[in-house]
Each structure stands twice: as C-alpha cells, then as structure tokens.
Amino acid sequence: MTPIDLVVNGERRSVTVGDDDLLLDVLRGLGHTSVREGCGVGACGACTVLADGHSVSSCLARAVRYDGVALTTADGLPAADDVVEEFVAARAMQCGYCIPGFVLMGHELLAENPDAGAAEIDAHLEGNICRCGTYLEIRTALENAARRRREATRTEKEPA
Amino acid sequence: MTVDPRSSVATAGTEPGGAVGERWTRVDARAKVRGELHHAADEALRPCLDVVVARSTRPHALIESVDAAAAKAVDGVVDVVTGADLHALLGDAIFTGPAFADQPCLAVGKVRYVGEPVAAVIARGQAAARAGAEEVAVGYRELDPVHDVDAAVLGAPFVHDVLRPSIVFGDLAHLRDKRDTNVNYEYTLRHGEPAEPPPGSVTVSHEFWCPPTHHVPIELPFTAAWRIGDRLEILSATQTPSYVRQSVADLLGIPLGSVRVRSAPLGGSFGAKMYDRLEPLAAALAWTRNTAVRLAVTREEAFLLTTRHGCAVTGSMTADADGNIVAADSDVRYDTGAYADVGPRITAKSGMVASGPYRIAQAHVRSRCVYTNKPSAGPFRGFGVPQVTWSHESLVDELARARGEDPAAFRRRNLLREGDVSVVGTPMHSADFVGCLDAVTDALDWDSPLHRPTGRYRRGRGVAVGIKAVLTPTISNAVLQLNQDASATLMISTVDMGQGSDTIMAQIAAEPLGLPEGSVRVVTADTDVTPYDTITAGSRSTYHTGNAVRRAAEAMRDKLVDIAAARFGVPATDVKLTGDGLVSTQTQESASIPELLHGHFGARGTTLTSEAEFRTTWQPYDKETGRSPQVTEHWFAGAAAAQLTVDTMTGRVHVEHLAIAGDVGRAINPAMVEQQLTGAAIMGVGHALFDQIVFDEGQIVNGTLLDYQLPSIHDVPDKVTPIIVENPHRTGPFGAKGVGETTIIPLAPAIANAVRDAIGIRLTRLPLTSERILDALAAQEEQS
Amino acid sequence: MTATLHRPRDLGTALDLLAGLGDPMVFGGGTAVQILLKQGVLFASDLVDIAGVPGLADLVATPGGLRAGTMVTLRRMETDPLVHDRAPLLAQVYGRVANPRVRNTASVGGNIAHGDYRLDPPTALLVLDARVELSSAAGARHVPIREFFTGFQETTVRSGEMVTAIDVPTQPLGGAAFTKLSSLAANDWPVASAAVLVTAADVGDREIRIGLGALAPTPVYVAVALPATASDDDAVDAALAAVEPLIDPLPDVRGGVAHKRRLGRVAVADATRAAWHDTPHDLRGTPGEEAIDDRRPTFLRRHRRH
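Sequences listed follow chains A, B and C, in order. FYI, our numbering numbers position 4 of the first sequence as 5, with every residue one higher than the one before it. FYI, our numbering numbers position 188 of the second sequence as 192, with every residue one higher than the one before it. FYI, our numbering numbers position 168 of the third sequence as 545, with every residue one higher than the one before it.
Okay, chain A solo, but in the shape it has when bound (with noise of 0.2 Å):
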C-alpha cells in the first residue's frame, strides 16, 4: 500500500492505494460518483476525468501513477460552466450516466482547439459511447459553447 496525494478539483486528499488499485475505484471511495464504470476496459468514457487537462479513462489508470497530479471529475466543474449550461440548454441527455463524460472530453477539446466544429468535436467525442442516442444534441451543445468561448474572447480583445 502507498500513501498518495490526489489532487481532486483543487482539493487534495491523501489516501493509501494498493498498487493495482484503479483511479476509478480512488475517485468512486472518494464521493466522486460522477466517475462511472461503463465497460472496463477504456471503450467507453463513462469513467473519463482529466489529469492536468488530458482526459484519461480511469478504469484502466492505475491510482498510484496519479500521486500529485492535478484531476477534474465533472461534479468538481464551477458552478457556472460554460460546457455544463450549453449541455443543458441543448437538452444534451437522456438517462445521463454518460454524458459527465463527454463533458469533460468536450472541456479538453476546447482548451485546445477553441475552434473546433462538427468534424473535430466528432473526432473528439469517437470514444465515447452514448446508448440513449443523444449524439447531435452533444455536438450542439460543444459547437455552442465553442461559440461562446470565441465571443468570450473576441470581447476581451476588444480595445475598452
């Protein structure tokens, strides 16, 4: 057993992890209930957090590999979030078990490629499974808030 520290959402907490124990299973003890199985084995993004910003399925990502490093689970999201509130302006979501995930893939997206449209948010999103079929009201909600991230930042631009 090896005493770590996780960085959950800003917050850190110690917890000693066996060396096959699963980030999945750390976060889940952990409250973080928004981090799902779906599939096992990294097929479906049900279990998806970002760690410093990359997304990774933590149902293969062993806990002890993450001692330090920074991890965002979707209910640690602001309250106000862009990517949240398009989700739900869009309807983006039927059962929801899901849809945390492609949430979080939709927040690394968009870090990095500010500009993405249908084609990069599908390119994106082509690990993550969604069985009630809620797929174009995903893409939606990721175009609009690319949109809102573009105006957000045309508007800081501008000359006061």
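FYI, nobody ran anything at the bench for these hints, they're computed from the structure. The C-beta atom is built at its ideal place from N, Cα and C for all residues, glycine as well. Watch out, some of these pointers could steer you wrong.
[Claimed, not checked] Heads up, incomplete: computed chain A residues facing chain B, CB under 7 Å, no partners named: (1) 31; (2) 35; (3) 39; (4) 47; (5) 53; (6) 55; (7) 88; (8) 89; (9) 95; (10) 97; (11) 98; (12) 99; (13) 100; (14) 120; (15) 127; (16) 132.
Given the structure of chain A, go ahead and fit chains B and C onto it with the hints provided.
Quick look at chains B and C alone, frame taken from chain A:
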C-alpha cells in the same frame, strides 16, 4: 379500462393548463450533466459483503461436483454458496421467471449455457470475491448442447427435461409438465380463409434472420440486499420494482409486505434491467445468511444476464392484380436461450403483428418460443416486434417492386386506417400509419428524383412502417401530495431510465392544477412508499401511469375546489382553479393554494393527498385463431425512411438522411418525444448495420465493448429528422401514448430497403455488415 | 494473482529489474497491459512501471529526423509541431488510433511492443523506415522497424530488453496517405489499413512504400519501384501486385479472410492513388531542412470517415 366519470366531468371548464405540450427542461438536467444524480451503485450503503459468481464453462452439462475449498482459502472470502445449497433451503421456489418458473439464480444440478452462475462467492471486497470465483472448481458431465433455434425446434437434445410454466398465468397451464420439447410456447393467428391466389397476383417469400443483440445500457447492473429482522430490503437498478417485490417474496416464502424494493434513476436499460436479474440471488443470500450483500457485475458479465431474442422468420406475402395484399404467412421462431424469461409473451405479442399494419384478407402466423443452450433472451426495446417487422417490411417492399410500384405508394394503399380491424381482430385507433409514412417520405422529398451516381458510391432510398400493441392488461397507481407551498410530490413506481418519465409525469400532474415547471417532484420508486405499477416497459408509462397521475391530479383539484367552496361559502360549482389559486366566480373572493391549505389545516408545512388507479382490460385471444376484439389497449404506429449511399468497394453504408415519425397521440413534452424518436432510431441504425452478439458453440465471442459494436457519434446519420404525429387517443392522458419503442421497430427494414434501392439486392439477414454487402455484390456480378 | 509493481526512478534500475526478475513486463502507458491483466489473459510476475524514469518521454529533433522516447504519448505524436513538420504522415496515423483517451495514455514504445497486428502506427513507421532502440542491462541495440515484428503478437524484443526510443527519419518529399477501413461500427478496430509514401531516389524514378495493418499476423512492409511517368492507375496496379502475396488476414467477428483481403486491396488502392496523385512531377530526393515547412500543411485536420 375503468373510467371514473367524475374526473371526466369535472375537467370541463377548470383546466388551468400550461404544462402539457410544453418543452419543459428534463428534471435533474444539470445534475445529470455534472454527474451528481445518484444511480443505484452511487448510493452510500451500509457495509455489504461483495458477491461474485463462478460461471459455467459448458453450454449443457450435469454438475457432478463443486469444489469450493480453494475459493474459501482465498483471503477475504467468507463463504461459497451453490445452487444445491440454496435449493436445500428454498426448495423449488428457487426457480423464478415472469412466464415460466424455470430459472434458478444458481444452477441446480445442471447448467444450460456458458456463463450460467454455478456458485456464489461471498467476500469482503470485490477483489477477493472475484479471486475466489476464479478458484471454484466444478466437475461437469457434458450433455449434447443445442445452439441453433431451428435445430432446437426439431427435437433432442432438450434444454429442459420438463416445462415449468409459472402458476401466475392460467393460459400456460396446458404446458405444465410437458416433456421432450424445446418449444415452450406457441401462438397461432388465423384470419380469413386460405384460398388459391387470384389470377394476376404476385407472391414473394423469403427466409429472414435477426441475430441476438444486447441492450448495453452504459450503467452496469447492480443489486444490494440486506435483512432487517423479518424484512428484506433491496436496492436495485430495475425497471420493475413492483414485480421484483412479488418475485422475491415468493422466492423467500415471506409476505409481500416484508419486502422493500427501491430502484434508482437508471443509466439506461432498454429492457435489460427488468424481471429477475441479480435480485433473486441477492435476496436469497441476504435472507438465508442474514447479511448485507452487494452484486456489481462487469460488462462482460452483463452480456450473460439477458439478450434480445435472435429470430428466424419464414415469410410470404401475396398481392392481387389490383395491388391489394390478399395473403400473408409468417413462421416465426424466437430463440429464447436457456430460460424462457418473458419470451412466451414476446412470442404472442409479436406474433400477432407479424403480418404488419396492413389490410390483409387472409393471414396466418405461427410464432414459437424455443429453448437453446445460450444466455436467456428477454425484453428489449420493441419486445420482439422489430424482428417480425424485419420480415414484413422487407416482404412488402419486394411485393411493391415485383409489381413495379413505388414502395411508399403500395404501402399507403394497403395500410390500416382509423377504425379498421386488424388481422388480430382489434380495431385501430390513434394509430396513423399513413400519416407517419407521409411524414417521413415528405421529409426525404420522396417524390422528387433521386440523384443516383453510377460509380463506386450508389445512392438509394427506403421506407418502412411498424406496428406494436401496448402491453395489456396492466395496472398503474399514483399518489399525489400537494404541499402547502403549492409544490407537489408525486409517488409512482415508474422508473426514469432516460425516457424522461419524471418530467412527463410532473407535466401531467401539473396540468390540472396549473402548477409551474419545477414544482412537481417525482419520488423514486420505493415499494414502501410508491404504489404498485406493473412495469416500466413497453412504452406503457405515459398512457397508463400518466392516466393514474392525471386522475390523481384531477382528484386533487376537486379537493381544493371543495375546500375553497367551504372557505368562500359558495357551492363547489362556483369555484375555479386558476394559475393564481382558487377563485369564486360569484364573489370574486380568492385564495392561493398556500393560503387555502394554511387555512384548512391551520398550520404551515401541511400536505393534502389524493390518489388514483388506472387499469386496462383485454379479451384473451382465442386459442384457435389467436384473435380478440380487444387484444390491446392501444397501438403504436411509426415509420422510418432512409436515404443512404453504399460504397461498393468497401460495402459500407453511409446514411445521409434518416426521417422517423411516430403517432404519439399527443406529445406531453415534444422535445423529449423527439429525443425518444431519435434515440431509438440511432440504436436501430446499429441493429441494421453491425450490432449483434456473435456466438461460437454457445460462447459469446464479442462480449466486451472492445468487440461489441455500438453506434458512436461517427455512425450517426448526417441528418436526422424526427417527426411527431399526433392523433389523440380518446382515453390517453390529454390524448397521449408512449413513444420509447416506436422508431426502432421499422428502422432496420427502412435501411435495408434503401440498400435494396441503391444496389438492387435484397438482404434478409441482419446486420447488413460490409462483408454481407460485398458478398452479395460479388454474387450479383457472378450472375450477370 | 497480482503482479508486483516496481516503480524505478532511473533507467539503470529499470533495466536491472528487467534482467533480474522472474517474468517481468514493462508497464508503460499501461493501456493495453491493463486491459489484458483485467481480462486475465496476461500473466507477469512483476510489472516495471517506467513512468518515473526521466528522459523516456522526450521528443526531440535529430539531424535526420526526430526521436521519440518510449513514453511519449500517441497523442503528443499526433499534435506536436515537430512531428507535423518532420513526419506529417506519422502525426496523421497516430491521430487515428482508438480514441483521444487511449492516445493520451498509450505510449509510443508500448504501442509497438504490444505487437498487435491491427495497430495503425506501425504502418507509418514502416514506410518512414524508423529504427527502434532496444535497451537492456547489457546495453542498447537498434533494430529497423521493418525487422521488429516477427510473428503474431511477437516482436524482436528479447527477455530483459525494453523499447527505449524510436528514431524516425524526416519524411521524404512526395505524396503520402493513410487509409483505415473498419467493417462494422465506424470507430471499430480496422480490418485493413495502409500507409503509403511515394518517394524519389533518383530523377525519374519513384518508390511506392506500403505499410499494411490488420492484414496479416504482423504489420507488413513492401516497396515497389515505378517510373515517374506512370499513371495513377499504373501506380495502384503496381501496389496491388506488390501486396497481393503478403495479405494473409486472420478471420474474426469483423470478417472472414476473403472479406479482409478485399478490404485490404481497397485500402492499398485508395491510399496509393491519393499518395501518387499528390506527388509532384518534379520530385527529387530528400528535403533540406529549409524546404520542409512550405511543402506540408501545418495542421492536419481529421475528417469524418465516409
């Protein structure tokens, strides 16, 4: 159905409205997006032991020994329980099932499929339980297995020595103790007199196959159970809490009232999480060992819990010289796997629509439910109907083409209309097949010429319609609590699994009371709290539970009117409920709901309660003809049309435009209806093109999400057009009916018909993989 | 049985562990290994986690191209400007692997050490003539990628060795294309993939280099020479003739041998046609350093597959 005349009469003139037909935001939308909504496995539980089962490695074998010594030696393992152990404690009650009591939660004496639970390992922690399960050694004496449905029909080997119909169903009594057969149920439909085809008629016939598939809701199955004195409590991801309560009470031989079943919002289900899944084993272990247990399964195990029926159909259809369908014949064989589950019901309910939604002079259907040595097949969105629709919508298309007629026009002439009596004997109402067909073909601009390139990519268009009967008879109840602050709490046992029932029911409850969006909270199903509801399945909730909810809300309105009349000193007929509260039209005196309840009870924080039930009745179908004047409470009508290209080099199908329509009576929430129409269609695209369970000698070979094929965002059609068709049902709540299955039913044949249009080849086996398409193109080239 | 996890902090310790332990396995990105461990189909007494070894995740320019440390992620190969500049085909192909989460964690070295015949990156590494650096306690050796894959899920990596880096020569001027075909869902494993690079050794001559994925028990490489004046159709015919004896597919749920062979031919034909078509008539030699930037797109967009 039962009608409460008071509620109908009292409705007039006092309908505040403002809820039904509105695009209210889905309840818990933000919590869902942020992942803060708790599913069953997210609940904080009392300390539980973890249970993992050791599974059969044989498709058909006698269990000669179970050696658990090594498993028990694993650190953390508490005990190992076998089917024989539970059978000794519970007797034959260990065999459960919704139609046949044939499935033990742990195999007793014999295994019937690869993956069947043989022993339960109880341990402190999942890892220990899983490690223990690896160590259970089972000695088998192998029996000949039967994997193929048509081989199983012919005779030995037999999966079950004796049929075990459930005592619940009187119409299955004649099957009790029947031996030497794998056919556990047979439904026959005979309509009209067989006759020689008239001169100039055209007949088409084919063999069709739909493979078994899996639901793959992304939330994995989960059940926890514990005993508190003489009561058993269960928390389970289930669509059927009321069923589970009775099933578990019967299993344990304890009173219904001693069992509490709680469900939770489901992360999808589509039929996977209903009837007896993990609950019997969890209940049996918790009860007999007086301990708290938790069963959480992996995705690989989830594939073994239930599947969609593979189905073979031998079908033919005849049109006379005028283009009227004069005869249809279907021989349907559902592969129900090792246990019947609800297969017999599927066999009957889908058999009765195997000829499609057409005016047909003479129809014959033989529909059989057949055991094989595979995981059990159960309910799946569409309840067996997509499999027979695959047949009739392919046949109708070929029939139109054989006559040189446009497939849409041919269907339009033959489709059932309002008031027509279907071949099964029940009249049509609020099922506008023609309207749905027109909607989807209009969306595709069907009558304008299609650009048809002649090179590598070929383009085609196809259409299909679908019909399904709602489950009948069933029962729903609702209890409504109006809080003194004018919010409301609705107690129903409908489970929200993404279809949006918590939102729809809130809208129905709000409508008669004029309550605003966000003011009605639906309580998550809990049999200690929420009243009986048959099941959340088969697109039945909006109509059935919706009617109970509407009645409860109307009863509440009547109560408020009575209280206000007493307060105002006027007759009840003088009081109106408005968005602002209750008003006397005579005196103009008014009181808001908070004021009224405060005054009535003399206290703040009080609640006023109303309740209602809704039941449907049927007339059982005739044993000989399979017909009934009231075989179902209502019909679902839907249509799909696809425009696509086929890459003749790779065999890949690319759907450019998919239009789907359903007659929903009335859309309670149009936005959510569109999501159901679209979501079912996208699932249907998977079924059409690649989604299937592949077996090898009874073993699933693609039972992980690395291999099992589900539509991703790349598989979504370029354009999807969902169309709501509304022909209000005379007894639906505000005219409404359900919608969850409507568009999955015609989806696969619509795509296959478009492929037929594009490349001139009729494919009869699903899915339409690139390999099948290229093989067919190669054969076509060889012939020409 | 749980494998013991070792987390060495320097390469020497890591290599000593690999030399001394009973049945060790390198734990790099950990994606494939973790899946196989969970599925109970991979057995190792010890896992040597090399994430903490400094230097293994370096991606640097070299005089003749670039060098990717074994722990460089696939996603960095997809997005890093250095790879876009020096080997754009490679960036494109890494961007086609699985999904972004896999690419964020899976490593360049682990990816090839896995030896899965369906992987995308080997197709590009083959046509670019990459070299694999293998290290052990005894020292390092370099193996051409074209000799790296030796059999079904077998590579030339010996007991006690690990991949420490891949050296990739700068992509020669000329057309390049990658085609990946799946037969079921769009994002499924490929049933056929082909990377094709057209190069010029001498004026008037062309070499079509072809790397195949998923079409034989190992990734496969073949090259064919053609005059520069050959038509697109000639190029396709030559490529198909060259790959024909090498296509040896494994049947599975994604298709039988004949089907995969068919799709293999389509992948080769499509990639060859595109690469040949994009090759300038006046093509000559390998680019100088200064010639690189203006000949290639600076950012490759992935397009929705048709």
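Against the structure, the hints come out as follows:
no.	hint	in the structure
1	31	violated, 12 Å
2	35	holds, 2 Å
3	39	holds, 4 Å
4	47	holds, 5 Å
5	53	violated, 20 Å
6	55	violated, 19 Å
7	88	holds, 4 Å
8	89	holds, 5 Å
9	95	holds, 4 Å
10	97	holds, 3 Å
11	98	holds, 3 Å
12	99	holds, 5 Å
13	100	holds, 5 Å
14	120	violated, 11 Å
15	127	holds, 6 Å
16	132	holds, 5 Å
In this structure, the earlier hints numbered 1, 5, 6 and 14 are contradicted, and the remaining ones agree with it.
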